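Residue numbers (the UniProt record's numbering): 1 to 967.
By construction, these hints were calculated from the structure, which means they are not laboratory data.
Any given hint might turn out to be false.
Computed beta-carbon distance windows for the label pairs [as the list claims (entries may be wrong)]:
1) 9 / 912: 37 to 43 Å
2) 32 / 543: 22 to 28 Å
3) 803 / 52: 30 to 36 Å
4) 481 / 925: 27 to 33 Å
5) 286 / 737: 36 to 42 Å
6) 5 / 590: 38 to 44 Å
7) 543 / 16: 14 to 20 Å
Quick list of in silico lysine-lysine cross-link-like pairs, DSS-like style, CA-CA up to 30 Å [what the hints assert, rightly or not]:
8) 325 / 307
9) 174 / 235
10) 174 / 892
11) 870 / 914
12) 741 / 819
13) 71 / 15
14) 235 / 163
15) 71 / 451
16) 325 / 358
17) 203 / 235
18) 892 / 870
19) 290 / 231
20) 358 / 377
21) 619 / 870
22) 461 / 358
23) 549 / 221
24) 174 / 203
25) 71 / 45
26) 926 / 914
27) 5 / 549
Just so you know, these numbers come straight off a predicted model, no measurement behind them.
The C-beta atom is built at its ideal place from N, Cα and C for all residues, glycine as well.
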Amino acid sequence: MATDKFVARHIGPRKHEINQMLDAIGAESMEALMNEAVPSNIRLKEPLRLARGITERQYFRKIKDIAAKNKVYNTYIGMGYYDTITPAVIHRNVLENPVWYTSYTPYQAEISQGRLEALLNFQTVVVELTGMEITNASLLDEATAAAEAMMVMYDCRPRQMAKDGANIVFVDEKIWPQTRAVLETRARPLGIELQFGNWQNYKPADKHFGVIIQYPNSDGKVEDYRALVEKAHEKECQVAVGADLLSLSMLTPPGEWGADIVFGSTQRFGVPMGYGGPHAAFFAARESAKRYMPGRIIGITKDANGKRALRMALQTREQHIKREKATSNICTAQALLATMAGFYAVYHGPEGITTIAKQIHGIASLLAAEIEKLGYKQLNDNFFDTIRFSMAPHASVELIEQYSLELEMNFRYFDNDEVALSIDETTNLEDVNWILEVFARAACTNEPEIKELPITCTIDKAYLRVGKFMQQEVFRLYRSETEMLRYIKKLERRDISLTHSMISLGSCTMKLNAATEMLPLSWIEFGGIHPFVPVDQAAGYHLLFAELKRDLAEITGFADVSLQPNSGAAGEYAGLMVIRAYHHSRGEQQRNVAIIPSSAHGTNPASAVMAGMQVVVVKCDERGNIDVDDLRAKAEKYKDTLACLMITYPSTHGVFEASVVEICAIIHQNGGQVYMDGANMNAQVGLTNPGLIGADVCHLNLHKTFAIPHGGGGPGVGPIGVARHLIPFLPSHPVVPNGRKGIPAVAAAPWGSASVLPITYGYIKMLGSDGLTKSTEVAILNANYLAHRLKDDYGILYTGEKGRVAHEMILECRHFKAKTGITELDIAKRLMDFGYHAPTLSFPVHGTLMVEPTESESLHEMDRFVEALKTIYAEIKEIEEGKADKLDNVLKNAPHPDYKVVADEWPHAYGREKAAFPLEWIRENKFWIGVARVDDAFGDRNLICTCGSPEEYAIWQQQEETATASR
Numbered sequence: 001m002a003t004d005k006f007v008a009r010h011i012g013p014r015k016h017e018i019n020q021m022l023d024a025i026g027a028e029s030m031e032a033l034m035n036e037a038v039p040s041n042i043r044l045k046e047p048l049r050l051a052r053g054i055t056e057r058q059y060f061r062k063i064k065d066i067a068a069k070n071k072v073y074n075t076y077i078g079m080g081y082y083d084t085i086t087p088a089v090i091h092r093n094v095l096e097n098p099v100w101y102t103s104y105t106p107y108q109a110e111i112s113q114g115r116l117e118a119l120l121n122f123q124t125v126v127v128e129l130t131g132m133e134i135t136n137a138s139l140l141d142e143a144t145a146a147a148e149a150m151m152v153m154y155d156c157r158p159r160q161m162a163k164d165g166a167n168i169v170f171v172d173e174k175i176w177p178q179t180r181a182v183l184e185t186r187a188r189p190l191g192i193e194l195q196f197g198n199w200q201n202y203k204p205a206d207k208h209f210g211v212i213i214q215y216p217n218s219d220g221k222v223e224d225y226r227a228l229v230e231k232a233h234e235k236e237c238q239v240a241v242g243a244d245l246l247s248l249s250m251l252t253p254p255g256e257w258g259a260d261i262v263f264g265s266t267q268r269f270g271v272p273m274g275y276g277g278p279h280a281a282f283f284a285a286r287e288s289a290k291r292y293m294p295g296r297i298i299g300i301t302k303d304a305n306g307k308r309a310l311r312m313a314l315q316t317r318e319q320h321i322k323r324e325k326a327t328s329n330i331c332t333a334q335a336l337l338a339t340m341a342g343f344y345a346v347y348h349g350p351e352g353i354t355t356i357a358k359q360i361h362g363i364a365s366l367l368a369a370e371i372e373k374l375g376y377k378q379l380n381d382n383f384f385d386t387i388r389f390s391m392a393p394h395a396s397v398e399l400i401e402q403y404s405l406e407l408e409m410n411f412r413y414f415d416n417d418e419v420a421l422s423i424d425e426t427t428n429l430e431d432v433n434w435i436l437e438v439f440a441r442a443a444c445t446n447e448p449e450i451k452e453l454p455i456t457c458t459i460d461k462a463y464l465r466v467g468k469f470m471q472q473e474v475f476r477l478y479r480s481e482t483e484m485l486r487y488i489k490k491l492e493r494r495d496i497s498l499t500h501s502m503i504s505l506g507s508c509t510m511k512l513n514a515a516t517e518m519l520p521l522s523w524i525e526f527g528g529i530h531p532f533v534p535v536d537q538a539a540g541y542h543l544l545f546a547e548l549k550r551d552l553a554e555i556t557g558f559a560d561v562s563l564q565p566n567s568g569a570a571g572e573y574a575g576l577m578v579i580r581a582y583h584h585s586r587g588e589q590q591r592n593v594a595i596i597p598s599s600a601h602g603t604n605p606a607s608a609v610m611a612g613m614q615v616v617v618v619k620c621d622e623r624g625n626i627d628v629d630d631l632r633a634k635a636e637k638y639k640d641t642l643a644c645l646m647i648t649y650p651s652t653h654g655v656f657e658a659s660v661v662e663i664c665a666i667i668h669q670n671g672g673q674v675y676m677d678g679a680n681m682n683a684q685v686g687l688t689n690p691g692l693i694g695a696d697v698c699h700l701n702l703h704k705t706f707a708i709p710h711g712g713g714g715p716g717v718g719p720i721g722v723a724r725h726l727i728p729f730l731p732s733h734p735v736v737p738n739g740r741k742g743i744p745a746v747a748a749a750p751w752g753s754a755s756v757l758p759i760t761y762g763y764i765k766m767l768g769s770d771g772l773t774k775s776t777e778v779a780i781l782n783a784n785y786l787a788h789r790l791k792d793d794y795g796i797l798y799t800g801e802k803g804r805v806a807h808e809m810i811l812e813c814r815h816f817k818a819k820t821g822i823t824e825l826d827i828a829k830r831l832m833d834f835g836y837h838a839p840t841l842s843f844p845v846h847g848t849l850m851v852e853p854t855e856s857e858s859l860h861e862m863d864r865f866v867e868a869l870k871t872i873y874a875e876i877k878e879i880e881e882g883k884a885d886k887l888d889n890v891l892k893n894a895p896h897p898d899y900k901v902v903a904d905e906w907p908h909a910y911g912r913e914k915a916a917f918p919l920e921w922i923r924e925n926k927f928w929i930g931v932a933r934v935d936d937a938f939g940d941r942n943l944i945c946t947c948g949s950p951e952e953y954a955i956w957q958q959q960e961e962t963a964t965a966s967r
């Protein structure tokens, strides 16, 4: 039937191949396999109550109709969100390019060099414009970046200050309201006190550890904060600044007047507003904070042969390693959007960025003067892009709003009858005359006609930037579209993605991101809307939200869903904060213990600590399941203080635990709530659900189960579903009411990363009830097929009671090391020579590889992957049998970069062909690697997180070689 077409396109194996795989693994039917893999006591008795799947053509018409209900007005609200122009060469070749949006987080550096360079460019822009020393490769949004700044300052308190219990951060009252709300959310469970006030009245007290200010402030004023910084530093308090990055091409960078941390959004660097996101936040600091910085830092290092290479630096800070001792829970950031912003800066260069900023400021200055001539009073002495007015005689806010809406414009309004305008890159001469017409009509006077836009600067010289920035070669070379296109493609060729081969990462679910799902992201009806416009202008979005929430509630078995959390880790945190608020509403503030299995994702304990909870770890048994006796003992021990259990289902070990219902009951019997990590929800959809199992709240990784692509490390979306008793505590928003009155906001935008939600909406609508269920079944079938093919060579670490795995499995690799010296890392690097990204490395069990094929991979591709791993196994056996050297072999030297393969000299005992073409089919589509195995330790010892010239790198390398020789 026609409605089955999308299901057939999404699912990899054909019907006859499904039967072949069932025969291979000894399952009589798909239903029989599900009965063996999924415990019967948690199986759904009825199919999902969702509409039948529709064709791609039907969906395209449906989403077009929804988009048409959104009204795209010229919006001058500002408040951290601004219209911008995405250069078409970036829009077409990055945002719409699956090489960029289907690649994985660059943990495997050798096959991620293009993306790493793009992110290094992003970091360089941030460091150059802020005047700081180090930065990361993006955070989730400006408001959560502010919260991370607060936590870094708290963690970096001088020892005596921490000993004295300093817990107050002074926050200027002129920060964005959404930033204030997120700070309030994050501060409460950590015992941090927020003191709001006018920065000019700030007086450091004994309990103060930090200050947070906005530059320019929320009124649009540019203030001189030098005296404030000096006052804070005298008392060893740090200062964090929320800055407009574009304005820093004109204004003095905060780093030059003493700021310790600078954060903000790069949205106006070519990233559409998208009704609130996703956008890449930035976070820059002094080098002294490098061990505390959240997120990922891209650093320069060298490969095994001394060639310059890039990698993610200082990974020992990560929550997957430090768990409850991590300084942040952030896992997914906004890599795709950071890449776009970095390319925007490369394309425009420092001159172009400055020209855009001067044009924005010049138009704002022109409007300030002309509107004042109409009788209004402009209230900002020094401003970059925002002007604020009190009313002229006869004028009123109501009239201005009426006339502006008639001309399809949105302004910002204040309770004290004042109005503000924030000018952006798209504002032109016609817009200026329309704005003046509104103010003139409201004041009952004739508007002037402006015939040209002079670029004038009205900012006091004392506030202006002195000196050049972004002088690196990369910001000078790519001005023409031809050159920019070639640069993007050059980097693209250095990255492996789903366009090349299967990415088999366990727990990361790299499935098809269908083109039909992705297309609406490019439409202005979704991208061109400010998150704070009147709700009726986003009617299409709200129709989509309502349907999506209903569908996700049905899929999870919950009563309601919040779409606000904008990553999986943010969803974890939001769910825990909802549980915390629920306990507090019942007068049980003492409930603060989170029981977490030892197998849990590292974000779980990190999120629990951020939510003010004490982590108690429960053991796993020899089969990888939660030790029920240990869980019961700890639940009873902490019954008076138990807040929740955090559980991933199926488990992180790739097994449906049969005792899960009993586990949930034990927690409830002892007064706790059950939080389910939805990372593995793609093994549940249509077969079972968190509500049926007994959970109270669950976050969903829409970038895993529901087809939003990983984007090289973000965007992620992490909505939470909750049982009925938790609905009153779902996150609210201070600017646009979202129908909630629960905890304060957990993200800057009311509905989180709204512009990527059409992907999940389309995924559900086109698959429908039957298609969603079939996707889950095939994901489990594919995993069991791979487990069957690989178990004799590698061994499968954990299986369920009936010998089946769930949607992923853990390959045992630890036994190779004693006999051959080969580790799981060597296997991962050798897979690159075959054109494959490695499975999940040493997680959740050290010395193993966790593999997940997803439902989108064909039998042909899985067989090629199996052939690659079997060939690697044979290469390991060659070492064991003495046929290959223990040190000089294809695994220890992997990956083999192109420059070594074609070199005049070949120093190895094995041949070049074995190194580069171990199987014949690799010749058809060889992915050439540009660097050998990277030197992680070198990059950490010599942290450089911005672009450097070859001469600078050579000096740096010589210094390291000298130091190594002396050691």
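Check each numbered hint against the structure and report the violated ones by number, ascending.
-> Of the numbered hints given earlier, those the structure breaks are 2, 6, 7, 8, 10, 12, 13, 16, 21, 23 and 25, listed in rising order.
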